[in-house]
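Engineer: With the hints as constraints, model all of the structure from the sequences given.
Spelled out, the chains give:
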Amino acid sequence: MQAPALLVTVPLLGALLISITGRLNRKVCFPLAAVSLGVSLYLSILLLFAVLTEGEVFYKMGGWPPPWGISYHIDHLNALVLVVVSLVSFVNLPATYRYVHRDFADRTGPFYALYVLMVAGLLGIVVTGDAFNLYVLLEIAALTGYALIAMGEAEAPLASLNYVLMGTIGASFYLLGVGYLYIVTGSLNMWDIASLLPNLYQSKAVFAAFAIMMIGIWIKMAFFPLHAWLPRAYVYAPSPVSSLVAPLVTKVMVYVMIRMLLSVFTPDFAFSTLELSRAVVWLAVVAIVGAALLALAQQNLKKMLAYVIVSEVAYMVGGAWLGNRAGLTGSILHISNDALMTLCVFLAAGNIAYKGRGLDFSDLGGLFEKMPFTMAGLLAGALSIIGVPPTCGFFSKWYLISGAIQAGHYGFLVALLFSSLVHTVLFFRVIERCYFEPVGQSHGGHSSGKAMEEAPLSMVIPLLLVAVGLIVLGIYSRELVVNIIQYAVPASMV
Amino acid sequence: MISTLIAKYNYWIYITLMMVGMYAMIAKNNLVKKIIGMNVFQTAIILFFVSIGAKQDATIPVLEHSHGPEAHTVRALDYINPLPHVLMLTAIVVAVATLGVALALAVKVFNRYHTLEEDEILTQIREE
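Chain order of the listed sequences is A and B. Just so you know, the numbering used here puts 308 at position 308 of the first sequence, and the rest follows in order with no gaps. Numbering-wise, the numbering used here comes out as the position in the second sequence, counting from 1, plus 1000.
Hints are not guaranteed to be accurate.
[Unchecked claim] Below, a list of computed lysine-lysine pairs in the DSBU-like style, where the Cα atoms sit at most 35 Å apart: (1) 303/A x 355/A; (2) 27/A x 1108/B; (3) 204/A x 1008/B.
Keep in mind that the hints were calculated from the coordinates and are not lab data.
Structural biologist: Next comes the structure, spelled out in structure tokens:
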């Protein structure tokens, strides 16, 4: 089966093709992007079913056996994340079609080439089993992300430049950690390193490698207080970009962290030998509370959402480091749930921005009358982020909370409840304004009258599908845990 | 003390270079200086990787051929480890691409604010 290789190669070649043909004919850019991402989505679903029926899939690149060649290795953990990444990027494509063709009419070629290339990088990060290959794909995803964010207006280039500096430090730290691991083991294949490491767990070099790698990954995933690059980069990015980048990049980095904890180092080493797990969970507690307070201080919808992402990232870090089955299950489940709900709220914000409205709270008045469907989508996303059943956000939070109780870490429990409370306040402040306040004197002065000014159907339908998806995912989250995530957590963990 | 300094001098050099780069990224006010600091930072890691491939009394990893029928046995100890060097070829490409993207962004920033000094840009943003 060649699916693992094609999964990355198809969007990679697609991106090249788009950048070439985009110069000749701009109309082919979107169909080409849709086809290449559609193929990736199909292949990742195929791989998920292959993993479910036959167990883990090994793929040797070019026929070279590991540890000499690069191997792709798909188990329950990354099969799930692959589907999430390709699904989110595929849904975001039609949802932003109108916006891209209006605002980047002369640059659709570069835009879609970067878009597809970024997805190729993200899929590669998830599918690869080689530590150095992961670094290269990380940089592919990051560099395209910088360029996409810089397409925005106002402060976007400056925000993107800050992101370049921070992102490069993060990726370089990861590379340094890989170097240390290579010195002690002489291997780059994750599973090969894992089999060589246990005798070396007392070595200081291994500890240094672990610590440096973790800090690098935390910078890339915007783990508070290393989050400084994220809010401005995501706020000033154009809407079609922020609804691609915001759901995916941080979540993929959480996946990388879990992969390092579980597959390269063993849970034994990370949670028992090092005795760091409680300390890291306390860091997550500080991060959740800090990000929640910063979110409260914002007066702009998109800025507020950016800080919500920062606190959601801390949920997943804390859950993973609790070091028990429930916490890790919650963390993995939250990767897929958070990707979908972030997509939902950012698509809604994009629809509001498309109609030329500002996203400052003072501009949001009367939106329920003007854009009822968009606001319904935003409401569904908000309920899921707060964690109201039956939306999916409730179930992952439930696992995280039971993990915290099981580990006896009540600080994390309190932080989760506190941030749920803060998120409730945050979103209901927004909803209240949109529902009760009169139509504000928003941008352009075209605000009079009661007529509906809904975004075009091509933007509303994907948003509503994602909103329904949040509830469906919530209802089926038990099946998701029993059939997939249960096997992603190592059997040794209780 | 002296012996750890001298025996592991390659590590000391890379750490020093890395800190020089990081200092420039954090402390410098000019965006181009920050970007060059970032490049120094990446180069330090490249040098680190290159240095770990070295061995004493070893030669470049090209097999010595004999013209006759007799085959040479390959002794790994006689050759330096080529793998870190090959990895760094990729890392150099990444570093160049990052530098290019960062400088392009600096041009965009300059076109908007007509300066590359960070404090002046921030005052302009505050005034807007």
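Engineer: Hint by hint, say whether it matches the structure.
Structural biologist: Going down the list of hints, with the structure as the test:
no. : hint           : verdict
1   : 303/A x 355/A  : 19 Å, holds
2   : 27/A x 1108/B  : 28 Å, holds
3   : 204/A x 1008/B : 16 Å, holds
Consistency with the previously given hints is maintained throughout, with no hint failing.
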